[in-house]
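There are 2 protein chains.
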Amino acid sequence: MAENLKRNDGLPPAMTRLVKELARLPGIGEKTASRLAFNLLNRPRDEVIALAESLLEMKERVGLCAECFGLSDAPRCRICDDPEREHDLICVVEGPADLMAIERARTFGGIYHVLHGAIAPLDGIGPDDLKIGELLARLRDADAAVREVIIATNATVEGEATALYLAKVLKPIGVRATRLARGLPAGGDLEYSDSATLSSALSGRREL
Amino acid sequence: MAENLKRNDGLPPAMTRLVKELARLPGIGEKTASRLAFNLLNRPRDEVIALAESLLEMKERVGLCAECFGLSDAPRCRICDDPEREHDLICVVEGPADLMAIERARTFGGIYHVLHGAIAPLDGIGPDDLKIGELLARLRDADAAVREVIIATNATVEGEATALYLAKVLKPIGVRATRLARGLPAGGDLEYSDSATLSSALSGRREL
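Protein sequences, first through last, are from chains A and B.
Under our numbering, the letters of the first sequence match residues -15 to 192, in that order.
Under our numbering, the letters of the second sequence match residues -15 to 192, in that order.
Keep in mind that the hints were calculated from the coordinates and are not lab data.
Treat the numbers as computed from the prediction; the structure is a model and nothing was measured.
Please note that the accuracy of each hint is not assured.
Since the list can't tell identical chains apart, any single copy or any two copies may satisfy a pair.
What the hints assert, rightly or not - Once the Cα atoms are required to be at most 20 Å apart in a straight line, the calculated DMTMM-like pairs of lysine to aspartate or glutamate come out as:
hint: 1; residue 1: 4; residue 2: 87
hint: 2; residue 1: 115; residue 2: 144
hint: 3; residue 1: 4; residue 2: 44
hint: 4; residue 1: 115; residue 2: 72
hint: 5; residue 1: 4; residue 2: 57
hint: 6; residue 1: 115; residue 2: 132
hint: 7; residue 1: 152; residue 2: 118
hint: 8; residue 1: 155; residue 2: 132
hint: 9; residue 1: 4; residue 2: 30
hint: 10; residue 1: 152; residue 2: 175
hint: 11; residue 1: 15; residue 2: 78
hint: 12; residue 1: 15; residue 2: 87
Using the sequences and the hints given, assemble the complete structure.
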């Protein structure tokens, strides 16, 4: 049949554009993007508008807390503003998603400091690219009188490098620095654990 | 530590709302939605605005072609409007995504008819819920003088049921009805083919 027709993908340009925009999201390829676009097309008008508006609202409102650099829609975030939290206990995390994970665990009553990354020389990310200077400034602030810094960077090469660097720069300030425990995850099975996890679990064993 | 704190997920409400809206998309759970929201937060402002606008534009502009019921941003779609396509050859598909797949193959030069579903008695979908009456009206239109209808519904139980039903209602009209070939897919391996595919490939074998 005819090979010389003016072809497009058979979609109206507005759909093609939406598919293209959706396909820019991480982990979403062209096929998933089409599936999402068709789903959105068949959804009630106000649901699609709600999604579009929440995108714009997020970009409009969400910024960083001036104290902890966590996400906030006000100059200071709700956690830093909460008088019931222990303001002399700071948990240092790599990103806002880590803060969220710790909040979900519902056992931490202190405040946070978000570094916005981890030291990764191969990616060209050094200490100066992170909010480490800002952390030191908070710790030097006499009013804050921080008694402990919990270093809760990831248990990855970059997270460990960052934790070691932090431990080094925190020492002269004289604040107590601790690191999250490493070991078997809850529900973890020895048989399926990797050697690094088992080594951590063994070396970090505790008296019963 | 303190268990009695006022807790949320540690996110500004605008982020929580975006995560909730994203999690309504098919195949996207709470975790993927958070990942997408964080990604969008770190993206340049105009990229996020472009996504939001393309959502609104799609919902604003995209409707159905009055002739083939494919997606269109005009009363008639580009394919129905294209004088170079064979207007006496209609390919019947279940949905707009199927039309798109056939267009991508770049070998079909006719026009389409989109049923918007397939007959599925278990889901309460009968012939009257599909654009079958509209197809018959197109075929009865003397100006169109359609010479062949290619039934390109899916090779599923519902698609086959729809194809059989269409063959039955097309017979009295006297138009030639054909069905897509079934057999081994391109690159298909006999060893890993299911029996239904192999049976189709055998019964549909062609002279070399």
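Structure-based check of each hint:
1. Taking the shortest alpha-carbon separations for residue 4 and residue 87, only the inter-copy value of 18 Å comes in at or below 20 Å, while the best intra-copy value is 35 Å.
2. Taking the shortest Cα distances, residue 115 and residue 144 sit within 20 Å of each other inside one copy (16 Å), while across copies they are farther apart (61 Å).
3. For the identical chains of this complex, residue 4 and residue 44 are inter-copy neighbours only, at 17 Å across copies versus 23 Å inside a copy, given an alpha-carbon limit of 20 Å.
4. In the homo-oligomer, the alpha carbons of residue 115 and residue 72 lie at most 20 Å apart inside one protomer (19 Å), although the nearest pairing across protomers, at 67 Å, exceeds that limit.
5. In the homo-oligomer, the alpha carbons of residue 4 and residue 57 lie at most 20 Å apart only across protomers (17 Å), although the nearest pairing inside one protomer, at 30 Å, exceeds that limit.
6. For the homomeric pair residue 115 and residue 132, the shortest alpha-carbon distance inside one copy (18 Å) is at most 20 Å, but the shortest distance between copies (68 Å) is not.
7. Only within a single protomer do residue 152 and residue 118 lie at most 20 Å apart by alpha-carbon distance; the minimum there is 16 Å, versus 75 Å between protomers.
8. Taking the shortest Cα distances, residue 155 and residue 132 sit within 20 Å of each other inside one copy (12 Å), while across copies they are farther apart (82 Å).
9. Taking the shortest Cα distances, residue 4 and residue 30 sit within 20 Å of each other only across copies (15 Å), while inside one copy they are farther apart (22 Å).
10. In this homomeric assembly, residue 152 and residue 175 never come within 20 Å of each other (Cα to Cα): the closest approach is 36 Å inside a single copy and 61 Å across copies.
11. In the homo-oligomer, the alpha carbons of residue 15 and residue 78 lie at most 20 Å apart only across protomers (18 Å), although the nearest pairing inside one protomer, at 32 Å, exceeds that limit.
12. For the identical chains of this complex, residue 15 and residue 87 are inter-copy neighbours only, at 15 Å across copies versus 35 Å inside a copy, given an alpha-carbon limit of 20 Å.
Violated hints amount to a single one, hint 10; each of the other numbered hints is respected by the structure.
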